[in-house]
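J.: Relying on the hints, combine the two individually framed chains into one complex.
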Amino acid sequence: MAKRLAVYICSGCSIGETVDTSKLEKVATKECKVPVCRVHPYLCGAEGVQIIRQDLAADSTVDAVVIAGCSPRVKTEAFAFDPALVVERVNLREHVAWCQKPGDEDTQMLAEDYLRMGIVRAQKTEPPELLTEPVSKKLLVVGGGITGLTAALEAAAAGYEAVLVEREAQLGGFVSTLKKRFPSSPPYAAPVTDGVAEKIQSVLYNPKIQVLTSAKILKTEGQPGMFDVTVQTPAGETTVRVGAIVLATGWKPYDASRLSHLGYGLSPNVITNVELEKMAAQGRILRPSDRKLVQDVLFIQCAGSRDNDALPYCSSVCCMATLKHVDYIHEANPDARVYIVYKDIRTPGQYEQFYRIAQDNPLVFLTKGEVARVDRALEGRLGVTVRNTLLGEDLILNVDLVVLATGMVPSSADGEAIRVLEDAQAKAVKSETESQRAEAARKAEELKHHSGTQILNLQYRQGPDLPVLRDGFPDSHFVCFPYETRRTGIYAAGAVRAPMDSTRAEDDALGAAMKAIQSVELASGGLAVHPRTGDAYFPSFFLQRCTQCKRCTEECPFGALDEDAKGTPKPNPYRCRRCGVCLGACPERIVSFKNYSVDMIASMIKAVEVPDETEEKPRVLVLMCENDAYPALDIAGLRRLGHDPSVRVIPVRCLGSVNIVWIADALSRGIDGVMLIGCKYGDEYQCHYIKGSELANRRLENVKETLQRLQLEPERLQTTQLAINEWDRLPMLFNQFLERIRDMGPNPYKGF
Amino acid sequence: MPTAILVRPDTDFIRTVLASGGGDLKKCFQCATCSTVCELSPEDGPFPRKQMIEAQWGLKDRLMKDPAIWLCHNCGRCTTYCPRGARPGDVLGALRREVIKGFAFPAFMGRMVSNPRMWPVVFLLPTLIFAAILLWAPKGPPTAELEFANAFPIPILEMLFFAVAGLVVAAFAVSIRRFVSAMRTPGSGGTTQGLLPALGLIATHERFAKCEGERSRYWGHFLTLWGFAGLAMVGTIVGIGTMFGVMRTPLPLLHPAKFFANLCGVVILTGLAMLFANRVGNPRNRGTSTYFDWFFLLTIGGVVITGVSSELLRLSQSSIMYPVYFVHLVLILALFLYVPYSKFAHLVYRTVAIAAVRAAESRVKSANVPMPESSGAG
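Protein chains in written order, with this note's numbering: chain Z, 240 to 991; chain V, 953 to 1330.
Next comes chain V alone, as it looks inside the complex (with noise of 0.2 Å):
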């Protein structure tokens, strides 16, 4: 007889996932409908059925460092098929909510960015900080042309968003560096030698696409995800560029740096713009979004949103375009603040948990052992 475990339920985590989008855990009788529905759940170790009991029985620590819960895309078969309305795969996500708030670092950020009614606080202070810049930052002669800098200085930007990523940065490793340890079982590897996969099917998005019905979202997703990566790299070019003297903003429309930046932005809005529709325009998806689902679409689209008009209204000149980068000002740090506790670092989340996951399977080819699976709860 293998050696039984010691069970205690942890029913404050049992009332928080029915609060937070697994309202209906309680309805699931076990019958595995669910995991043989989903197109991307195993035969060796398939999910959610067993953590759907796990979150019954309020196995946190079980959970927490459960991979598997990564592995969905949220597809919502498992879902439509369960005869008992238990909503496996809203479960799934409110488990994921549970994963980045449980190991946020530092814990209070996860716990106020995760909560609805720290909204004002969670943007007061990049508003704050903005609001100090445009009263009391040193600010240089004014320009012919109506520029940002004008406002916003350059080189106080460049410092304020390269110190916020170091921080995040510093902040995020930790987390994940916890959730890797947390996923690893005694005697396994680590989770590098899956990275590199990882990331290929990420980047391919090989696995969401087995995801069936909505490839309105499967679009959405992956034009966003590659707009957002196209941004991001040329955001930090032209910063790095900016900062050494080799470039000055604005660039001239036809720059390449531009063009391509331009070209992300399109790309992103078409991405952002299916995954808002697609969220508002099915009942179902509606009445299960949550506050966590739209703080970051509304955060990373407001970003988006903004920059766009930014953009054309200092091409046309008006004043207005101050109080809007402002607002575009404030929505981009918080979206990189708030990085390693919104639903942003699914991103990360996700990858190493698919990376810790090919590495356990790789590592079954080679050597013909045992799946690694969660065990021990408390």
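Next up, chain Z with everything else stripped away, as it sits in the complex (with noise of 0.2 Å):
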């Protein structure tokens, strides 16, 4: 813990003029007894920079810095002194100065609660101690298609090691298959033939590249920096130490055995698009049923995509695959009348180059339609029904072949069934009754079809695969943190982490190459990853007292702690993202971090000057997300909008790092009321660590039943989900929540 502290107070950006510093200096020196504290009038500066450092070099016994000025993310560079040195900021200029009236007695008592609390936070503070376990800095590629190949290319062209693992005899993947690929360069004009058969090459010669092909993962044990992966080749089994994974598995088409609708299995002339790629790499397009020439073709577009029923996301590529293979279609017969059923036709950016020549082909027809059936036809023909068309009318189109342009299905699709097929089984055996084991068994039945599916084998207590979002992609966050997985260290590129064309996916490779090296540079640091990059503390569990409720190994969104045999947490700190989300679950509260904890924040709610109940002056905590909702105080400040002054905001890692005992201590000390503000959440959520806004309410509500029991009104606690960009509505909030606190009256326990 620290115990020299220099305070100092800048009473720049209208500070001063806002609150009287000389009072928050004896809240410091005489109220804290605070050795050091200066105030200084332009402390960022260089001059105010250069007292700080003259005191550190002339007192080597400070500890911990606290600068109360502006916000803690601005002007980080100017305060960055030595790690090992504990800086706190304490924020008077957005949260104080910039937001409420000058000289106001209300003013002055938030300032110095606000020095209070952040001198308690300094002084709970220590130095980190720093992982230092040797790491691997070479990276694991899954899969040698198009995004593994170039995954594999660009982490060697950077320098480092990489071993390829490919399930086929062959490199390539899906590229290598095609007849053809869509152009991706102007003009944009025709198909090209430029396969993947140069990379492979690329990848074969390279010295950095380790290539291990018709390989299978066995399993996938320990932690970034330290990931050892073994892979079962015909040559036997091997096991690798990498430092990160990329998982660039692809995709496969959607199954069109549940097309029935649109014909397929009717006739063997309705095919999907697949299949016709793979007929022309073949040969020519030929009527399957008899080998004859195609006079009239068909094509249906989102052929189960787009749709609730099936993918409800448009795969992005069908539509220039069909126009691609318009061109097979007139190699084979330059006569052929093609017809195109649309939703709306997607060629996105400059892909519409090829839309429009394709467009100007007499024989191409398009419309905008819904097929409202397939039927057989005379001479092996279907006839197809199409509703809603642009012409006006409902149409009936009679066809040689028709051809099904079906989706994308991420290959980590299958990684949550699997997950269940094993808890299923593992049920089976060990569940107590007879019923729970008969049940147990026929869900894992049900799902045995899913079994081999497996891609990492990850030796994880969540689970052997990654973990998916609402479609089956394995992201953790689709906006903010592309490629990002809900497992450190690993990162999706490719087909598999959304649905793209091969160009689209050899960016993707460079990206998420980026990432993984990012990784394990952070990795050899002992440093957290994204979003609290850099960060050197990481949590310590105090065993002794744990009670095995397994609510942290359950709970941390990055599957980070393992169990043992009893259900004992076993952390893996290079897995770990420091959301505190564990601190938060953990109903014994034996998880800490050196710079937060149960204690700190409790330390710094009892901080907090509570006004008895007859000078009517509300106290509410305010525990705010420091990714989204804090910065939104920071620019509803900046944009000068006042709020009531009344409240007490404490930033927060996340709000599943909210412990319930912080708010049983804000109420028992005579607080009036509590806030919890942070993420968005649901299926297009927004909080940084997947599910921490959603926990927080949830433990909340078990919270508010407490609270009738103990005769206080469950309206006292309040969550709100707010995303950075409504940082206008935070005064409204802050003020509606007080003028129903002030309407509920003082909170009962005050005084107590």
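Calculated from the structure, these hints are not laboratory results.
Every residue, glycine too, gets a C-beta built ideally from N, C-alpha and C.
Heads up, a few of these hints could be off.
Taking CB as the label site, the calculated pair distances span [said to hold, decoys possible]:
no., chain 1, residue 1, chain 2, residue 2, range
1, V, 1229, Z, 600, 34 to 42 Å
2, Z, 614, V, 1070, 45 to 53 Å
3, V, 1148, Z, 588, 53 to 61 Å
4, Z, 591, V, 1156, 40 to 48 Å
5, V, 1129, Z, 517, 50 to 58 Å
6, Z, 530, V, 960, 18 to 26 Å
7, Z, 601, V, 1181, 36 to 44 Å
8, V, 1060, Z, 424, 45 to 53 Å
9, Z, 601, V, 1060, 22 to 30 Å
10, V, 1060, Z, 530, 40 to 48 Å
11, Z, 601, V, 1212, 47 to 55 Å
12, V, 960, Z, 432, 32 to 40 Å
13, V, 1188, Z, 596, 49 to 57 Å
14, V, 1228, Z, 588, 41 to 49 Å
Some, not all, of what chain Z presents toward chain V, calculated at C-beta under 10 Å [to be verified]:
no., residue
15, 598
16, 628
17, 630
T.: Spelled out as structure tokens, the structure:
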């Protein structure tokens, strides 16, 4: 614990005009007994920083510095000192000076409380112990398709060794099976034949890349910097140690057997786009039933895509593929009429040029429409009824071949099912009652077909594969952190991450390779990856008091915690993202960081001066997510939006890191209400730790029940979801909550 | 669910439209900007968005009987605003040509007149006729002053022109009858009740005036139409007058008929000059003018210019008047002989189409039944 503090109060940026800094100085020196305290009108300037440095040089016993001035989100470079020195920032500018009445008593009280809280925080912070295990900087690339090949080459080009693992005997993946690729560069006029041959050669001859083909990953153990991956190849089993993993396992076509309403299975003359591609690669396009030339071909776009009963998303490539397939058909029969029934033609970006050129073909007939039915007609032909067409009438088209343009399913999509399957298999053996075992066995049987689809076979407590988002993609946050999965050190790239074409997949491979390199470099210093990039602190578990409730191991969003046989958590600090969800989960409060702990926040809450009920000055504790909500309040300050001075804001790592004991502490101290403001959750979640805000909301519901038993109104607690761009809502949220608190009257526990 | 129709594109039709002015047809991606910016497009049954996709799909039968393509006066607003460069205005022009060609009777005439490679043949027939008249027709004694009748005896010309007029009217009647019955949908009445309002609209150029921007085109067309109507009227009167011996040509300059004819000559000459300038002066129009457009404009322009020149040469008693008059006669015959097959035919097709739409509209107003819309395709 830091013992000797130095406090510096900046009076610039209108702080000096808003609050009485000499009184603040007294709070530090008299009340908190801080040995060094100075006020400076321009602390972030060269002179101000020089003063701090001189003090530190003169007195080497100072082990923590508190800077009361602007937001901790700005001027980080000016106030960067020795990493071993604890630096605590108190936000007197954005949260006080820029949003409160100057010279007001309430404003002064707010500033003083913030200073007290900052001093306590500094006192409770200790310098980090560094993680110093040796790490491997080698990358494992899973999947030898265009994405994997590119990722391995990019890693090698950046000077990092890579191991490339491919399931098939040959490298190249799906792209190598294509007859032609659609054009990806100007003038986007005609399909191109350059496949992946050149890339395969570059990989095979690259001394930094080790290639394992016909390979299967038996298990992946460890953590970033020290993953041990056991791979089975025809030559036998081998274990490689790597620092990070790029998952580039691509996609599989949507299961067309579920498209019988579009005629699949009705006739051999109804095929998918992937089957057409295969036919073209092997020879000419002919009618499958009798190998005759096709005169009329109909493409059904979005077959099983953009459909809530099938794939709800757009795969972004099927339209381009179909326009390319028109070429194949005209190569076989230049007079063939090609009909394309679409929902929307989606040819993103410059691909529109390819659409324009394809459209100019007089034998291509396009219409928006919905295929109502496909029937067998005479002479092996098919009658396709199309509704809601642009021609204003329902059409029947008599064709030789129907091609279903099906979409892409990520190869990760089975991950969740495998986890359920494995759980069921375990329960089928271990469950207590006969009926439970039977039920589990039934479930295991139902999911049996997912067996063998494991990719990484992670030896993690939370299951063998990557958790996925609602559409089966293993992204952890599709807006803010591309490539990142919910397993630290494992980055997804290419069509497994999001539906995309081969050109975009190559870009994606580069991005993911760079993230993987970043990850091993941070791991080598024992530092956290995004979003607390460079954080050297990690959680420690006081295991003597652990009750094996498994909440932390279940709730960790990144699967960082394994378990021993009894259920005691086994931390893997290199997997940890420092969100503190385990700290929030633990009922025994045994999880703590040296710069973030239950005791620290509780002490900060206790540092708030609570006026007694006669003063009619309510106090509201606001626990705000440091990722979005706290910066939003900074923005509100920047825009000079005022809010009620009765709030006391404490930034937390994630609402998921809020331990409910803090709420109990606040209410028992006489604080009148508690607000939790964090990120949006649900399918469109914005939580940087995936489910933190959702967890907090659930935990708080339980607390509300407890409050009722204590004769306290549950309305004294509120959770709010706020996006960073909703900063203008914040003052209103504070003011409305305080209005409710004033209506309810003071907390009856005040003064106890 | 309404009954679905079996569709099979007519690829030859698509290729013809692409080759004859609708070359950008396939660029259309159905955003309907064209229908939105068009001043003439009605709210119920807007065009030309739907006509564009029908043409893309080669649904010839539907387009042939669709009056909407005749409601367009080709101001080019749709073409200007088309985000895809599909030039709907030009496509409609090409479609109109296909309708004229498609309903032509006899059909080979339609194909011949619209085919650029056939133009020598097209002019050869009238040239041979007048050469024959010049060489072999019995002529009266030469008059003191130079007169056209010395080379081209008036009774022969009258016989020829009335005979040609009769033939043309008969052939055109067949075409228009086919067109009208194609437009008619089961249960609907005729087009006749809409004919009068249609003629009123055309006489005033009320719809043409809605076409924004090109005022010179509006005035050019207006003057040409009325100048032509005047000349046609006075020509017929004088023709009948001479046939019955009431008049004798050449009429003196101050004769009311002659005066009126000369006035109409000036009016049509002005109008045609404006239309010509519009086509040549505007790069956009110049680029998209087809043989079909030029054939009509140059023939009627040639008729007027050679007519005026012949008159002036006759007044100055120059013997060059004979060859010029020969050309004049050839062009007149070409103009009239090919009325049902050239762009000239639009005069009647457009009138009938507007009449059909008007008739349908008035039925909608009185019976509140839906607008007849072209249906069925092949």
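J.: Looking at the structure, which of the earlier hints fail to hold?
T.: none
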